[in-house]
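Q: Protein sequence lines correspond, in order, to chains A and B.
Start counting at 1 in the first sequence, then tack on 19, and there's your number in my numbering.
Start counting at 1 in the second sequence, then tack on 19, and there's your number in my numbering.
Take the hints with a grain of salt, since some may be wrong.
As the list makes no split between identical chains, a pair holds if one copy fits it or if it spans any two.
[Said to hold, decoys possible] Distance condition first, Cα-Cα at most 30 Å in a straight line; then the derived DSS-like pairs of lysine-lysine: (1) Lys178 to Lys202; (2) Lys247 to Lys199; (3) Lys24 to Lys40; (4) Lys302 to Lys140; (5) Lys140 to Lys24; (6) Lys197 to Lys358; (7) Lys358 to Lys420; (8) Lys197 to Lys378; (9) Lys171 to Lys378; (10) Lys302 to Lys158; (11) Lys247 to Lys40; (12) Lys34 to Lys197; (13) Lys140 to Lys114; (14) Lys199 to Lys378; (15) Lys34 to Lys247; (16) Lys171 to Lys317; (17) Lys197 to Lys420.
Quick caveat, the hints were computed from the structure, so don't treat them as lab data.
There are 2 protein chains.
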Amino acid sequence: MEERKPIDVEQAIHKIMERTKQGETEMVSIDEAMGRYLAEDVVADHPVPSFDRSSFDGFAIIAEDTTNASFQEPVTCKVVGRIGAGDVTDTIVQKGEAIRIMTGAQMPKGANAIVALEIAKEEQINDETWITVNRPIEKGTNVAFIGEDIQKDVVIVHKGRQIAAGELSILATFGYAKVKVYKRPIIGVFVTGTELLSVDEPLVPGKIRNSNSYMLLGQIASVGAIPKYYGILPDDYELCYTSVVQALEEVDYLVTTGGASVGDFDFVQDILHELQATVLFNKVAMRPGSVTTVATWKEKWIFGLSGNPAACYVGFELFARPVLKTALGAEMVHLPRSKAILEHDITMGNPFARFTRAKAEIRGSDIFVSSVGRDKSDIISALVEANAFLFIPARTKSISKGEEVTILWLDQGVERAIE
Amino acid sequence: MEERKPIDVEQAIHKIMERTKQGETEMVSIDEAMGRYLAEDVVADHPVPSFDRSSFDGFAIIAEDTTNASFQEPVTCKVVGRIGAGDVTDTIVQKGEAIRIMTGAQMPKGANAIVALEIAKEEQINDETWITVNRPIEKGTNVAFIGEDIQKDVVIVHKGRQIAAGELSILATFGYAKVKVYKRPIIGVFVTGTELLSVDEPLVPGKIRNSNSYMLLGQIASVGAIPKYYGILPDDYELCYTSVVQALEEVDYLVTTGGASVGDFDFVQDILHELQATVLFNKVAMRPGSVTTVATWKEKWIFGLSGNPAACYVGFELFARPVLKTALGAEMVHLPRSKAILEHDITMGNPFARFTRAKAEIRGSDIFVSSVGRDKSDIISALVEANAFLFIPARTKSISKGEEVTILWLDQGVERAIE
Chain A
20 MEERKPIDVE QAIHKIMERT KQGETEMVSI DEAMGRYLAE DVVADHPVPS
70 FDRSSFDGFA IIAEDTTNAS FQEPVTCKVV GRIGAGDVTD TIVQKGEAIR
120 IMTGAQMPKG ANAIVALEIA KEEQINDETW ITVNRPIEKG TNVAFIGEDI
170 QKDVVIVHKG RQIAAGELSI LATFGYAKVK VYKRPIIGVF VTGTELLSVD
220 EPLVPGKIRN SNSYMLLGQI ASVGAIPKYY GILPDDYELC YTSVVQALEE
270 VDYLVTTGGA SVGDFDFVQD ILHELQATVL FNKVAMRPGS VTTVATWKEK
320 WIFGLSGNPA ACYVGFELFA RPVLKTALGA EMVHLPRSKA ILEHDITMGN
370 PFARFTRAKA EIRGSDIFVS SVGRDKSDII SALVEANAFL FIPARTKSIS
420 KGEEVTILWL DQGVERAIE
Chain B
20 MEERKPIDVE QAIHKIMERT KQGETEMVSI DEAMGRYLAE DVVADHPVPS
70 FDRSSFDGFA IIAEDTTNAS FQEPVTCKVV GRIGAGDVTD TIVQKGEAIR
120 IMTGAQMPKG ANAIVALEIA KEEQINDETW ITVNRPIEKG TNVAFIGEDI
170 QKDVVIVHKG RQIAAGELSI LATFGYAKVK VYKRPIIGVF VTGTELLSVD
220 EPLVPGKIRN SNSYMLLGQI ASVGAIPKYY GILPDDYELC YTSVVQALEE
270 VDYLVTTGGA SVGDFDFVQD ILHELQATVL FNKVAMRPGS VTTVATWKEK
320 WIFGLSGNPA ACYVGFELFA RPVLKTALGA EMVHLPRSKA ILEHDITMGN
370 PFARFTRAKA EIRGSDIFVS SVGRDKSDII SALVEANAFL FIPARTKSIS
420 KGEEVTILWL DQGVERAIE
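This is chain A alone, in the form it adopts within the complex (with noise of 0.2 Å):
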């Protein structure tokens, strides 16, 4: 086996980074959209709001007829109308005239404000409706002018962001019926190695559950992306290198974990080897995960992880998770990186880079971060007490309680940042 010559980690994104690109676009009906990235700037195809209208259930006046209001000396009003929402009124409001608005409602010509409901007093006069104004109502008073929100043809919401509800909000008032968004790129899962044991299947000596793969999905779903699982490869390299191929004919990215350690029964070298790929790396400065291998051919990716479960993880995160929210047209393709303070003293045992899974609390308006569990990469429970990773350059000796410190926080991190 050829020798692996690890590079930085630093270095190993800058590989992977130089060769991403968006994938391609596709229309979806906005009942779908929910999740999806934006492939187009979203542009206000009117003013909001749209026409002048009322912020207040209450009554269009003319302003100046309440200049001289008083408690002494009220002012009356004749009720000439009523608009509601959604309805418009042909009626021009004339001096000393008042008509009845709901919220939302479009004033009616010659009116300039509208007098609450609250502080109109009304009372019916014979057959007609007057209201009785004690106070100066200045012009414009609960008012919403046109393009006072967002003005036409302006941005509203940049190409590359996520739509969440506020998004659908925008989306649907200007009218996106249909939305430009990012196709969302499948991913082929693999594993290796005969040691695994399906979930349903009892333990038996010397094996394990296939746990990676679910692992894997779960990844993948939160970046937005679909996995696609084939299943555990077989234990004979024609076979293997047969499955890999026809995977790559379906799908654009492909992940392979298990058996990227380096022990004999790792076929994942020899295939790239084979498939003559672009070996972007196979090893990096890094624990967990230094048996991390990325290639690409022809226009797909391959990432062969480790099958030590943080290992594996960690990979996936760091170097598939770009890619994918790269295709996926993000803002953000990374995992979000802060600072925070922390809680206790680090001494570091060698030269790698450590990305220590970690438990990252907010007290207060600061960020403290402490490691989970012990910190060797075989330990699963770390896992799911984990919310971020706790970045320690290569080459750190150590770091003191208090010092600040580079954290990657994963998903529902603040959920779990806060109890």
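Fit chain B to the supplied structure of chain A, relying on the hints for placement.
A: For chain B alone, coordinates are given in the frame of chain A:
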């Protein structure tokens, strides 16, 4: 119309929380479990590792054989077998012997340490394979012992935890082919308002496109529940009443939006009255969202939210979210809350509690916040800029730049808090 008496936000939430309860549970396949909430503790059905295993590719040896090994006087061991991952062997390692072993494979009897492949010098002598070790290897080196990661019968993940990638890995490890989770509640959505156009209709004077229903469908999906859209309520009380009653036969939760202002055309109050529903409150001393109604009827919930987009958004997050999240069995039912450092002065004009749409930013290890855009509740552009609510307690007169304030994090809060 009855006068509505506003209650405090805290009181409103308290009234809700004392009536919430967890929903029914169901068994789902692990393949369908992502994002669901665990309705049972996940217990280790076996220790991890479940057997003493090698953490490295290398050779299983008897540590004591190497006690006197040195560069000058290396020790040699004869390789008597080989164990692939998943294999077991009957061969017992004897003094002076070694067995080639893969990462993750079960330790052979007799051996008590692994000498890593890189350290053992391998050579063929006649038909035999021998390794040379030139340093003492301590007992237990590179061996992961039974239960070292997880002890049998320990609770690994607690009930109420949302299932993400790490949890899937744990579930698979312990053979949870099926998982007990809470059923996803279905929430009906009605929109009221004759002023509403559908998203694909061209704008006409006095009307606006229906955007709140899309926003609510997004919010409901974010919470993990299932939205069911019932359309725009007819402009006729009897038809309205019948529609609501029919919907309440199908769903346990109903949200209405629009028409919840004090306009003439708001039937929701009348319907609740006719149903003899228990109205927990119909006005809250807060902005936006003061005209928010929450009622229960039999075992069902009705949320009458304001038609104003920002008020509708806030009303859902504050009052509907905890009810649905409790039904879903979530650990944390409210929006995550933390402190943040205010980036500008705030002066308040009225005594109500406020939930201002705000932008939280993480810089260094500190969280900062500033309010987004103008402070009127009909400004929809703020919905996409905000990743948090800035909470301003009732009767606050002013807050100065640099003071700590309370914020509630919205979905994707962290991702959008880091540039």
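Q: Against each hint, give a clear statement of whether it holds in the structure.
A: Results for each hint:
1. For the homomeric pair Lys178 and Lys202, the shortest alpha-carbon distance inside one copy (14 Å) is at most 30 Å, but the shortest distance between copies (35 Å) is not.
2. Taking the shortest alpha-carbon separations for Lys247 and Lys199, both the intra-copy value of 24 Å and the inter-copy value of 24 Å come in at or below 30 Å.
3. Taking the shortest Cα distances, Lys24 and Lys40 sit within 30 Å of each other inside one copy (27 Å), while across copies they are farther apart (57 Å).
4. Only between protomers do Lys302 and Lys140 lie at most 30 Å apart by alpha-carbon distance; the minimum there is 22 Å, versus 79 Å within a single protomer.
5. Only between protomers do Lys140 and Lys24 lie at most 30 Å apart by alpha-carbon distance; the minimum there is 20 Å, versus 84 Å within a single protomer.
6. Taking the shortest Cα distances, Lys197 and Lys358 never come within 30 Å of each other, neither inside one copy (39 Å) nor across copies (39 Å).
7. For the identical chains of this complex, Lys358 and Lys420 are neighbours both inside a copy (14 Å) and across copies (22 Å), given an alpha-carbon limit of 30 Å.
8. When the C-alpha separation of Lys197 and Lys378 is checked against a cutoff of 30 Å, the pair qualifies only between copies, where the shortest distance is 28 Å, while the shortest distance within a copy is 41 Å.
9. For a Cα distance limit of 30 Å, the shortest separation of Lys171 from Lys378 across copies, 24 Å, qualifies, whereas the shortest one inside one copy, 46 Å, does not.
10. Proximity of Lys302 to Lys158 under the C-alpha cut-off of 30 Å is restricted to the inter-copy arrangement: shortest distance 29 Å between copies versus 71 Å within a copy.
11. For a Cα distance limit of 30 Å, the shortest separation of Lys247 from Lys40 inside one copy, 21 Å, qualifies, whereas the shortest one across copies, 37 Å, does not.
12. For a Cα distance limit of 30 Å, the shortest separation of Lys34 from Lys197 qualifies neither inside one copy, at 36 Å, nor across copies, at 41 Å.
13. Only within a single protomer do Lys140 and Lys114 lie at most 30 Å apart by alpha-carbon distance; the minimum there is 18 Å, versus 104 Å between protomers.
14. Taking identical chains as interchangeable, the C-alpha atoms of Lys199 and Lys378 lie at most 30 Å apart only when they sit on different chains, with a minimum of 26 Å there against 38 Å within one chain.
15. Only within a single protomer do Lys34 and Lys247 lie at most 30 Å apart by alpha-carbon distance; the minimum there is 26 Å, versus 46 Å between protomers.
16. Taking identical chains as interchangeable, the C-alpha atoms of Lys171 and Lys317 are never at most 30 Å apart, the minima being 44 Å within one chain and 47 Å between chains.
17. For the homomeric pair Lys197 and Lys420, neither the shortest alpha-carbon distance inside one copy (52 Å) nor that between copies (42 Å) is at most 30 Å.
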